[in-house]
Amino acid sequence: MTDTRTRTAPSSVPPSAPPTAPATTSKPPRRGLRGRLAGQGKLVVGLGIVIAIVLFAIVGPFFTQDPRDSDNAAMLPPQPGHWLGTTSLGYDVLAQLAEGARGSLMVGVVAGLLAIVLSLLFGVVAGYTRGIADEGLSLITNVMLVIPGLPLMIVVSSYLEVRSLFVVALILGATAWPGSAVILRLQARSLRKRDYVSAAKVSGERTPRILMVEILPNLLPILTAQFLFAVILAILGEAGLSYLGLGPNGSITWGTMLNEAQGGGALTRGAWWWFIPPGLMIALLGCALSLINFSIDEVIDPKLRSAPAAAKSVRKARRAGLDVTVHDDGAPVRSGTDAQKEAVRR
Amino acid sequence: AACGGGADDPETTDTSESQSTEGGEGVATDRELVIWAGSQTPITANFNPYAVGVLHLANGGIYETLFAYNKAADTEPISMLGTGFEWNEDGTELTVTIREGVTWNDGEPFTTDDVVYSFTNDAAQPAYLAGAEAVDDTTVVLSFDTPQYTNEFALLGSTYMVPEHVFSANEDAEDAEAELTGIVAWPNAEAPVGTGPYLVDSTSDAAYTAVANPEYWGGEPQVSNLRYIGIDSNQSAEDLLATGQIDWATMFVPEPDRLVDAGLGYLNTQVDPTVLYTCADADMGCSGEQTDVAVRQALSVAIDRGAINEKAFVGLAKEISPTFALLGRDDKWIADGMPAAIEQSADAAQAGEILEAAGYEKDADGFYGKDGETVELTLTSVDGWTDYNNAAKLIEEQAAEAGIKVVASTVSWNEFADSRTSGEFELIMGGVVGTSTADPYQIYRDWFTSGYTTEVGTPLEPGFWNFSRYSNEEVDAAVAEASATNDDAVKADAYATVQEHIVNDVPYIPLLVNASQTFYNQNDYTGWPTEEDLYLFPPAWQGPSSGVILGNLAGTE
Amino acid sequence: MTATTTAGPLSSAAHAEHVARLTPVLTAHDVSIEYEVDPPVRAVQGVSLTLHRGEILGLAGESGCGKSTLAYGLNRLLKDPAVLRSGEVTFHDADGTDTDVVALDGDALRAFRWDKVSMVFQGAMNSLNPVLSVRAQLEDVLTTHRPGLSRTERGERCAELLEMVGVDPVRLDSFAHELSGGMRQRVMIAMAMALEPQVMIMDEPTTALDVVVQRDILREIMRLRERFDFAVVFITHDLPLLLEIADRIAVMRAGEIVELDTAEQLYAAAQHEYTQTLLSSFPSLLGDFSYDDGEGAGR
Amino acid sequence: MRFYARRIGFYALTLWIAVTLNFLLPRLLPGDPYTILLAKLQRNGDVSPAIQNTLRLLLGADEDTGLWEQYTTYLGNLLRGDLGISVTQFPTPVTDLIGGALPWTLGLVGTATVLSFVLGVGLGAWAGWRRGTWVDSIIPSTTLLQSLPYFWVALLFIFVFSVTLQWFPIIGAYDVFTFDGPEWSWAFVGSVLYHAFLPALTIVISSVGAWLLGMRNMMVATLSEDYITTAEAKGLSRRRIFSTYAVRNAAIPSVNGFGIALAFVVAGSLVTEQVFSYPGLGKLMIEAVRNNDYALMQGVFLMITLAVLAALFIMDLVHGLIDPRARHSD
Amino acid sequence: MSTLEVRNLVKEFKVRDGLRRSTLRAVNDVSFTLSAGRTVAVVGESGSGKSTVARMIAQLETPTSGEILLDDAAIGRRGRALADYRHQVQMVFQDPFASLNPYHSVEHHLARPLKLHGVARGKDVLPAVYGLLERVNLTPAPVFAEKRPHEMSGGQRQRIAIARALAPGARFLVADEPVSMLDVSIRLGVLNLLARLQREENLGVLYITHDLATARHFSDEIVVMYRGDVVEQGPSDEVILDPQHDYTKTLLAAAPEPSRHGRLRDEVRAELAAG
Ligand SMILES: Nc1ncnc2c1ncn2[C@@H]1O[C@H](COP(=O)(O)OP(=O)(O)OP(=O)(O)O)[C@@H](O)[C@H]1O
Ligand SMILES: Nc1ncnc2c1ncn2[C@@H]1O[C@H](COP(=O)(O)OP(=O)(O)OP(=O)(O)O)[C@@H](O)[C@H]1O
Ligand SMILES: [Mg+2]
Ligand SMILES: [Mg+2]
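Protein chains in written order, with our numbering: chain A, 1 to 346; chain B, 1 to 557; chain C, 1 to 299; chain D, 1 to 330; chain E, 1 to 275.
Calculated from the structure, these hints are not laboratory results.
You may find that some hints are simply not true.
As the list claims (entries may be wrong) - Partial pick of chain C residues on the chain D-facing surface, computed with a CB cut under 7 Å: (1) 77; (2) 140; (3) 175; (4) 289.
Even glycine gets a Cβ: it sits at the ideal position worked out from N, Cα and C.
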């Protein structure tokens, strides 16, 4: 009965304990990093994967051979020296994967940043101002939201003659912002009406400072979530564009790797080591970023964490016989008095 | 039966009959032959050989030429609707004998008037054709102002015979949507009238089918049903081949063995060279170090063609002759003293010697340069042409080993087309369209003479292929000489001159001859061109030869 | 540590006398409720309480003292992570049968709810389903608990209910967002009345409303109570209000009922110190008042 | 009513912007369709002089008209349903090509999206209802599905299910080896369903996660609303609480997001169609891009925008039905 | 003696209902004067325009018409003049949970106005912050200065909000329902603090509330608003004990009064018995 030990702690909680502030605005008390991460399994796993991938991108290339070195035999299956085999040109897949991680992350981050900057511009400014500016910006946002992104990207990139990694990232970023802008606008609108914004005004703060110091920090969780989301979308988008042959030329990304693997008939030639890893890396990174988003969602809307946690703890309590009521949802049915007696005995 | 076609043999006997190649063991079959000739979906019904979107079956399967020429081997043309032809002394008249007893599939007889119409209608008449005249019921004479020996193939091997009574009625066809008038606007979608072995049966946006023409002059084809399908990616086509769902396709497959193991017949015919275009002539306005012949020569020896073929072309391409004569087919045209195949492995040392002899020195980074300027060449290839992109990457690496800095980059197809016609490029990885007959003449004329190029900045006209801006009076003269003769010896002499120059000047750095892989169902059908009997160029998309092959097929059981 | 350590609420002799005349309708004994969070919160600790037929029992106390938790506990509406650690709740039906509320489950519990004990919640604003019309939500109750009623009967009943609380029956087809706060609260009360339950638990039914509207609604409740004679547990932290309407008042603090007495007695002679503090937090409108800026009320 | 008036105004504006964007994009960049087409044809060998001539007549002549005039002509053409001529499928009008492809896309993407929506919302509602149980632990894994590149999944599916196992067809929207074009027969319908299965599965797999998560989170939030407690207090059955009280409210944001999400799904399905050679708009567009067929490309882009707008409009109507608050003001 | 006077204040809001726009007159011709050392209460039911008046005075809204005069001079609306005005007139908001930014510490909340208004600089800021905290009875001050809003109770937060309003050295305080969000047991504490500060520092306080009892006891004068109009205004005791306007009477009748326990029950019973 491990959980009984935890409840030996003094349980006479002051009933007049201050209610906690509304969720969106609360911040966890400053505890150590370990303390803060405890119980945040998803966050830990997500961060772990992301950090691993970023490290792989940063250090990987120093430990692998030149990703453009064709001196190896072609289409080698995984083996010592080529842990992920080689491509049809004799490039080392692991080396390409590391270099591709750089490329993809760079596309993701640049596109994500651009998307965030644009969505801040269109979202927060629209949300904070009123009248024509708001109407105009919102209209643009809504229109952009409706115009399908990938086709637009395809059309735009097909007109471009040279597509560097950076240009592709810019295109992706420039089409990825409207969703976030809508969310940010709503949020900024509600923040604008918050009393602490009015209070700052009455204190004599200027608008830019109010935006930066009072409003922006409160948007941080949402901004982060949107940024991560934009990164995922950009990396997926880049992969899609690359598959269509509209990806960045001259750079290695997971998308271009997939494109080359596809072009080189990797799957039909049985070279799974060439085709599978880039796709998995994309999925893994996306999954990790989503996991982080999960935890951010739970910060933004604590119900998401507290409600399931509550249900869990109650089921635990019931299993321990701490509940005298009868439940029809699968919990053991016991007579009120039995349970009660047991509870009293404890 | 031997083919004439030489001026020294004016009275031609009958050329080889297509029926003659028909395998004896074949039987008639109802099994539907499924073909992928490269069509993509959606398929739009169009069987007008003059239209841009004409479907593959029309070229050869429905409309036939007078003769069928073999692009793949040095064999005699096969007699189709023509039974013989003859050049006059000076090459200004071509007399063709027409097969008798042929009827259009609507029952009308095929006549010399149809032949004349097929050569002289607005859509077909070439500029050099001065006139066409039916001399009697079986003879047509084509006349020219200048010798046209070299256009024999264009006239006899690629001009489709169309029924005057049908086509002339549609000369004013109008495609309102396309704002297009004339015969080319006519889709000819309803029961096209031709002489070929097949009749169109149905068309949908995904496939079209054909049935054997019972009245075919060569006898009713043994394979009674055809289905041409549209497939949108090589991957799908390969998968379909592997799973036995298509019977004939010509496409790039990196590991053909897998399909051969699955029981498919396989032919790899290499005819079209792949080269590096170099903007070669500074006098024509080219800029960049590649205008120096030493740089081109050095680069050429620095390239490891074996590795490129092995890695970028999966070992499927063929060695190229620096003379651009197709090895195997055109061997007789390679002048004495010319190397047959170009060196396959790289020779970095030799490249260095060439450059050093020309006054280049290595800089601190190990790259050659002159006067403090490092040689740096940009090599572009069309984005998405994976084999070319890969080859370019390999060349970048190989050149670097020889101390030549080449930067590989990919460009959009537009930019590629643009820069090669305008001449604003340094190096482009590109193809050279091979010749359709066993004679390198067309390549020499179209790709190496100054008549087929313009100054840098002025776009080349359509039909001009000299992207490298190579201009050499001696080459021009030699090519002119070759065009005016039908005497092989004279021609060979002229070619020797051409070859001497182009091998030394390397305006196009030869890489290899591209593969074209044809897969066919040999279990259920017989009569395919094979390694042993390469009677025609086998690709499913090639007209008119594909039509001839179709007429040749039969079931195995 | 046991749940029975509390000595029970303070109350006067007058109270005992008052109670003796009444019959109980709902009794709670030793109810303890805990929130299973880390660390666990003992929101209600060993509360025993009897609600009598037809009376209005006020439940007062400062925010967070466990009033709502207790009310939810009485009706078996505790939501995760709340757990009823101990206690017996017995409903004494008018027909003489007693129901062990704690032991109810499944269909029996659902049948019991609303029919015997109905509830009006803290925020009426959010108690109405925004996507269902008022009619649909009223009918929900009738179709569930009175399946015998015909369609027209149900319709009539709904209209009748709305009229009873002073809302025009045309509002039946309105949605929550089309009603004012006061109307919504009235609709909720009408809904609570739908099955003519014997007990109604009202958790701060009027806090979000204007004084004038609040007064109207209270008046309505009182009137209905006189008519149908149901018992009411009325929860609020507005002691003056409670004094005006309640027959008896229980003062809660830190999960326990510290004092339970008749309204008159509580006002006149509150025994518990906390009750006195609470009373003094409300300056009299008409009486005198003296400033006190000491630290006493500083929390 | 006013709500709808505003929305319609918005749609009209968006449409106009999309149309104008479509007009401006190609004009911002140089490109001569004649050279492009000719070069394309020459890649396959001989182009007869006659064809060259016609092409020149048809495409080469570029009248020197002002931008505004071109714009009005363009708008006029659009109104008449004239989207120009495809270069890839010369000389088929773009409208014909789109007309042929649209039903397939609508069928495939529409079905897959609706399926994915229903499945996602259904599973999400269930997961939210069962919050705090083992179901929670499988939720994070759905993010993996969400992050898989569409085409990658599609290619793997083909490799495994169509080529290796040969359970499913490799190309097409129906059996192109048997049917000579669409027809009305059970066999054909069966064939269509059979061919749509894998592509639809790809779309569903890659998009269901988002719905599931969104719905699950909304359910969790909704379940703590007061009206849910009220419903419980009313003694309503769990079923009714689940469906009428929880799901109906929790689904509102999902339904609202449907239109927007559709834009994403359409984008993803472009690639899916390409992999499966599915004869829809996506494949058409990609062909167009690969062949520099600008008229076709723009036509398809316009069509996709239109389709998304139409979907949004329908969702607006639905939204009005399921959320009474939407019917009044914005 | 300094005064803050509002004259014929009118505020109209443009409300859009679909395509139709209409104007809503939230405040209609409101005038009153607030003098240093005195408290004026504004009472009225929800939506009567109380907050709007407060926000206009705090210059968070611009009046549609009418004037606000500080020491008989029309107030400045921008730049230096606005800063000067803010220096003198400050506001305390209704919801102490919402009026403090959860991301900033107490110190930040108090130091900013000190710096902005040049009350303290550099090293002096922190002591000044502590001073403010002590003035609102939050001791030990260094402990509170470190805290963030969510670490404090509602009453403590409202004290911070009051301290912030005092920081610039304001002479007039607009308090918009400063205690309605607080628990009953701590309301009086906050009100008493306000009253003490007002007395000790000779503040002019505009006390907005719907609680008639506290309005009476904590203010010198009461302004009764009803749907944007002032229906009655006068010395507190007069308004409460001898209401003139019907609306004031209704309001008074509706206010719960502990001394009248059982009243409502008895009234209803009487009514029912009668009819
Ligand atoms: N879901 C929960 N998880 C943990 N603790 C809770 C939860 N709900 C309530 N509590 C705690 O239980 C105690 C009693 O809460 P309850 O809601 O019953 O108070 P209340 O008297 O109704 O207050 P109010 O007057 O503010 O409504 C409080 O200390 C509160 O913090
Ligand atoms: N920004 C705004 N836009 C439109 N209408 C507004 C705005 N602010 C206030 N109103 C309207 O003005 C009227 C007066 O509002 P105000 O907030 O001043 O009332 P109040 O007396 O403070 O009410 P409460 O007691 O509820 O705080 C209300 O009808 C309100 O809806
Ligand atoms: Mg409560
Ligand atoms: Mg207000």
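Hint by hint, here is what the structure shows:
Hint on residue 77/C holds. Least Cβ distance to chain D is approximately 6 Å, under the 7 Å limit. Of the supplied interface hints, the one on residue 140/C holds, with its beta-carbon coming within about 6 Å of a beta-carbon of chain D, less than 7 Å. Nearest Cβ of chain D to the Cβ of residue 175/C: about 4 Å, under the 7 Å cut. The hint holds. Because the beta carbon of residue 289/C sits about 37 Å from the nearest beta carbon in chain D, more than 7 Å, this interface hint is broken.
In this structure, only the earlier hint numbered 4 is contradicted, and the remaining ones agree with it.
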